[in-house]
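**Q** Given the coordinates of chain A, work out where chains B, C, D, E and F should sit on it, guided by the hints.
There are 6 protein chains.
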Amino acid sequence: MLITHKHLSKNFEYDGSQIEASWAFKSFKIKGSAIITWIGSMNIKPDNLKDFEDIGLEIKSDNMVHFMLEHFDEQPANLRIGYLRQRLLVMILKEELANKGIFSSREGDDIYIDSKKLTVSIATVSSSSMKIHLGINITSDGTPDDVDTIGLFELNNKIANSNSKEYFNYSNLLIFINDIVNNYINELNSIELDISKTNLL
Amino acid sequence: MLITHKHLSKNFEYDGSQIEASWAFKSFKIKGSAIITWIGSMNIKPDNLKDFEDIGLEIKSDNMVHFMLEHFDEQPANLRIGYLRQRLLVMILKEELANKGIFSSREGDDIYIDSKKLTVSIATVSSSSMKIHLGINITSDGTPDDVDTIGLFELNNKIANSNSKEYFNYSNLLIFINDIVNNYINELNSIELDISKTNLL
Amino acid sequence: MLITHKHLSKNFEYDGSQIEASWAFKSFKIKGSAIITWIGSMNIKPDNLKDFEDIGLEIKSDNMVHFMLEHFDEQPANLRIGYLRQRLLVMILKEELANKGIFSSREGDDIYIDSKKLTVSIATVSSSSMKIHLGINITSDGTPDDVDTIGLFELNNKIANSNSKEYFNYSNLLIFINDIVNNYINELNSIELDISKTNLL
Amino acid sequence: MLITHKHLSKNFEYDGSQIEASWAFKSFKIKGSAIITWIGSMNIKPDNLKDFEDIGLEIKSDNMVHFMLEHFDEQPANLRIGYLRQRLLVMILKEELANKGIFSSREGDDIYIDSKKLTVSIATVSSSSMKIHLGINITSDGTPDDVDTIGLFELNNKIANSNSKEYFNYSNLLIFINDIVNNYINELNSIELDISKTNLL
Amino acid sequence: MLITHKHLSKNFEYDGSQIEASWAFKSFKIKGSAIITWIGSMNIKPDNLKDFEDIGLEIKSDNMVHFMLEHFDEQPANLRIGYLRQRLLVMILKEELANKGIFSSREGDDIYIDSKKLTVSIATVSSSSMKIHLGINITSDGTPDDVDTIGLFELNNKIANSNSKEYFNYSNLLIFINDIVNNYINELNSIELDISKTNLL
Amino acid sequence: MLITHKHLSKNFEYDGSQIEASWAFKSFKIKGSAIITWIGSMNIKPDNLKDFEDIGLEIKSDNMVHFMLEHFDEQPANLRIGYLRQRLLVMILKEELANKGIFSSREGDDIYIDSKKLTVSIATVSSSSMKIHLGINITSDGTPDDVDTIGLFELNNKIANSNSKEYFNYSNLLIFINDIVNNYINELNSIELDISKTNLL
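Chains as they are written, first to last, in my numbering: chain A, 7 to 207; chain B, 7 to 207; chain C, 7 to 207; chain D, 7 to 207; chain E, 7 to 207; chain F, 7 to 207.
In short, the hints are calculated from the structure, not lab data.
A quick note: this is a predicted structure, and the numbers were derived from the prediction, not measured.
Just to be clear, a hint being listed does not mean it is correct.
As the list makes no split between identical chains, a pair holds if one copy fits it or if it spans any two.
Pairs of lysine to aspartate or glutamate residues, derived as EDC-like cross-links and limited to a Cα-Cα distance of at most 20 Å, are as follows [claimed, not checked]:
id: 1; residue 1: Lys66; residue 2: Asp151
id: 2; residue 1: Lys164; residue 2: Glu19
id: 3; residue 1: Lys32; residue 2: Asp57
id: 4; residue 1: Lys12; residue 2: Asp147
id: 5; residue 1: Lys122; residue 2: Glu101
id: 6; residue 1: Lys123; residue 2: Glu101
id: 7; residue 1: Lys164; residue 2: Glu101
id: 8; residue 1: Lys171; residue 2: Glu113
id: 9; residue 1: Lys203; residue 2: Glu113
id: 10; residue 1: Lys32; residue 2: Asp60
id: 11; residue 1: Lys12; residue 2: Glu26
id: 12; residue 1: Lys106; residue 2: Glu26
id: 13; residue 1: Lys51; residue 2: Glu198
id: 14; residue 1: Lys106; residue 2: Asp120
id: 15; residue 1: Lys203; residue 2: Asp57
id: 16; residue 1: Lys56; residue 2: Glu26
Next comes chain A alone, as it looks inside the complex (with noise of 0.2 Å):
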């Protein structure tokens, strides 16, 4: 399975809009299935919510890692497989806090800390596609009032290594997020080795 992860430097609001299909080609001109990861706030337009239960919602932060993910690789796409994938990027960021040292527990798609809410996200299809949008609260300014929040730099002090160098900085969150891209494509590609060694019944 080819996919293309690219990271953007520029910093940029994730308002919704760049879940509409094919957007890494429209933007990018990146083709084939795509991973897009950029640090930026969020504040989604009422016209672009996905999920039905956040109508009326505010979906904003301040500071986000952004990870737009999308398949092409299903035809016709499958919401099933999806969400299916989804869980398994959720659960890739958790093991990740995991391996750091940080406990944190996951209800669906999101990630809690001390039951603050880390994450959002949302999977949804067109046709031809498939596509995940996970956002990591980089601090929890700029979340909704009405929601407990936590962001990556507030969990340094739970991060179980006394070495600085795994405390959460900006220096350094290019490699959390890389790590995270890398497994969930290694993982997506363990399944489809995991396929072709498989007796069948």
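**A** The following block gives chains B, C, D, E and F in isolation, referenced to the frame of chain A:
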């Protein structure tokens, strides 16, 4: 999604034949998707091996918890979805261990603790059903000599909570089994419900 | 297969907007596959027509039983399965009429009695759900002038059982509705269970 | 949808082997989807049983009309669609009986008259085709002792039309067979045509 | 596989709107899969562009043969199959040219002769149908200035057979069109028939 | 789409067993989709025949180029896509011959030159993989008496380019094989990339 869970109190060996299609119906008259769990040894007969990579290897253990899943909801059966669900099941096991304070690492569908293998797992399909087997060592007794293994009962020294109620033993193993099964079923149902409230592209 | 049935006691018009995806969730917070039934008039707005053959026609009736089904179990949604299930639903209505001694004839998804049209029906899909609407005239009032129609209350003279309890009226209409919905859900479940006890080729 | 119907005038036993994939091609050089009908006894060999629930039971009758359907239009084959089409076929049989004034009841894929079983039916799949068998007793001779059965020729007293031309006999059985086959093929084609005039969500 | 071919004798422009779903039904009451062919200019309106790579480009020609295909046989529609069939159609055009002694080269879905572009093509899908457009220049008149193009009438000097009956002209263009359409339909049917005589693994 | 191509320098017979699922993994530890090519004789054992139409026929040749493809990207495997890709492969062979000035004709999956058969081909599937075999005669030696055949080395007199480097011989056969394999892989990838830049209906 309706899934029947049945725990068999009788102890018997997993020889690989239980992975055949409709085993739950043929053995226990259970119709529909089902998760059968039990405790017993494992010694997979060469003819029942489903991983071509394991040909010629011994796949055995004296003492395991077995999870035998069969899903009929996807027609025709889809091995990619089968492996995605297998990964979900394995990650839910990992989450349950973490909830007890036990840190584990994962490579694909294998769980390791201190580089010792805790589990075996495979997924496969017929045209109409997806089957997943997960076996968790209770002890490392009777596992192959050339693989470093560990069992649940050998993890008690790692359990964070000093309350001995949390220690793994035969009296509370069923609670652990039920937690994994319930979390897995709830996870699949949460995906189905997420699908129904998603705005499409 | 989990399907929620909700009968709405409030009377309102079917204008075709209720066929949009996730209507049950957006209107009643019902997650998952659902069958919503109610009694009301019908007057489909041109923009909401789903049958291109009906463009320019009036699709209306003063008094109908409405069945609005949404299925999320099949991902991606499949219009062929949607129409197969619609045929099943219509044939189950025909069976229920026959159980009362009322002989009807069927052309595709239309039910006729004495060459008079009793029903309207359509199926359609989004990428993630299948929708089926079935409307049964309670009386022939307010139906288009150029179509010969009939309603349930106009069938009472054909009911075999002389026991007047069997006659259609507003007090027992819900029993008739529930019978159709329950038979339909049971039929789909019987198919799922048949799948799980079938030996493959 | 192109489906070839061939009625075989030769009488032979249905032993269950005819359900194997590509039987119509291998036996009669018929390519593509096909419906083969014939008259003959039934005695299914244990190895050919496709319903795990029937294991150990006798499935036999001296005199039946057999419908052996194979559909290749759906790739890969889909057992859910197979059973939906089977239900359609069985309901079309029920409609044809009703057209003659014979009231029957249905449980899943079984037709009963006065609580006596008229039919046997099963669906199954290979990776590339869906197979459906429907057998209708012509008489109840040679059916299992422990099942109350009935045959078409034993229904003549129930035929509404006093015109003896309507009575079931060997001279007009082919008309009945052709009506069922034609209605079934027309139904599937009407679904395909409905698909092409449906406005999507 | 039933596919209706209709050649429209009326000359009209392809502006891209004809690619919308169910166009053949909405315009000509043709139900089911259909191939509509006609002769006319092309000038695709920006809103009708289906290739995101063409945004901002002129897609136009004064004189073309147009093939507008819609397939409903695959539910849900599958863009991968849509493009596979498009490649088949384009390769069949190439074969027809070769039969006349005209050597062409192909890059994906584009045909070139002496490095001059002869064709434009796109495939797309809704949830229920696959659409393919193929346009073949009759002359290079009115094509974009920045693309080197050629038309069928400009190939006459390359036709091997000196018999002038083989030369492209308006009197025999329909024969060429029919050959391509018939070969394409026959090819799809040959695949369906091959499926039905294949022994599976 | 990741596809591994491995050319085996060892000469061995194609007896039909190589078409079994996961042959590349079981024989060469190649995971994932793979194209294995080699030179060798062919003599298909009756038990390995995949075309029911060939039962009782000899399928043999002393000297062939063999292409054995296995695709795991489509889950579950789809025989219609298998045959579409087979047609693509055969048409790419035809294009490669045309590039050398050799005119051939095609009937389904068979290539003929001067009405002599150059190739044999079949596609088949398991639940998880699509397999395609294409064999091209190098010479007509050892082919069945009742079929008029031709081999690549017997086409040298038809090669347009007088440059003898273009003539088929054992030193440059691998170039021809690689060209076909690369064009095929590139074609499949071009389809995947086209999918990702297509605006949907």
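**Q** Compare the structure with each hint and give your call.
**A** Hints, one by one, checked against the model:
Taking CA atoms no more than 20 Å apart as the test, Lys66 paired with Asp151 passes inside one copy only; the shortest distance there is 10 Å, against 48 Å between copies. Neither within a single protomer nor between protomers do Lys164 and Glu19 lie at most 20 Å apart by alpha-carbon distance, with minima of 28 Å and 43 Å respectively. Proximity of Lys32 and Asp57 under a CA criterion of 20 Å is satisfied inter-copy only: 10 Å between copies versus 24 Å inside one chain copy. Taking the closest pair of Cα atoms, Lys12 and Asp147 never come within 20 Å of each other, the shortest separation being 26 Å inside a single copy and 42 Å across copies.
Taking the shortest alpha-carbon separations for Lys122 and Glu101, both the intra-copy value of 18 Å and the inter-copy value of 18 Å come in at or below 20 Å. Taking the shortest Cα distances, Lys123 and Glu101 sit within 20 Å of each other both inside one copy (16 Å) and across copies (18 Å). For the identical chains of this complex, Lys164 and Glu101 are neighbours both inside a copy (15 Å) and across copies (18 Å), given an alpha-carbon limit of 20 Å. Taking the shortest alpha-carbon separations for Lys171 and Glu113, neither the intra-copy value of 30 Å nor the inter-copy value of 25 Å comes in at or below 20 Å.
In this assembly of identical chains, Lys203 and Glu113 lie within 20 Å of each other by CA distance solely across copies; the values are 16 Å between and 33 Å within a copy. Proximity of Lys32 and Asp60 under a CA criterion of 20 Å is satisfied inter-copy only: 11 Å between copies versus 27 Å inside one chain copy. Only within a single protomer do Lys12 and Glu26 lie at most 20 Å apart by alpha-carbon distance; the minimum there is 17 Å, versus 34 Å between protomers. For a Cα distance limit of 20 Å, the shortest separation of Lys106 from Glu26 qualifies neither inside one copy, at 34 Å, nor across copies, at 41 Å.
Proximity of Lys51 to Glu198 under the C-alpha cut-off of 20 Å is found in neither arrangement, the shortest distances being 37 Å within a copy and 26 Å between copies. In this homomeric assembly, Lys106 and Asp120 come within 20 Å of each other (Cα to Cα) both inside a single copy, at 16 Å, and across copies, at 16 Å. Only between protomers do Lys203 and Asp57 lie at most 20 Å apart by alpha-carbon distance; the minimum there is 6 Å, versus 38 Å within a single protomer. Taking the closest pair of Cα atoms, Lys56 and Glu26 come within 20 Å of each other both inside a single copy (10 Å) and across two copies (15 Å).
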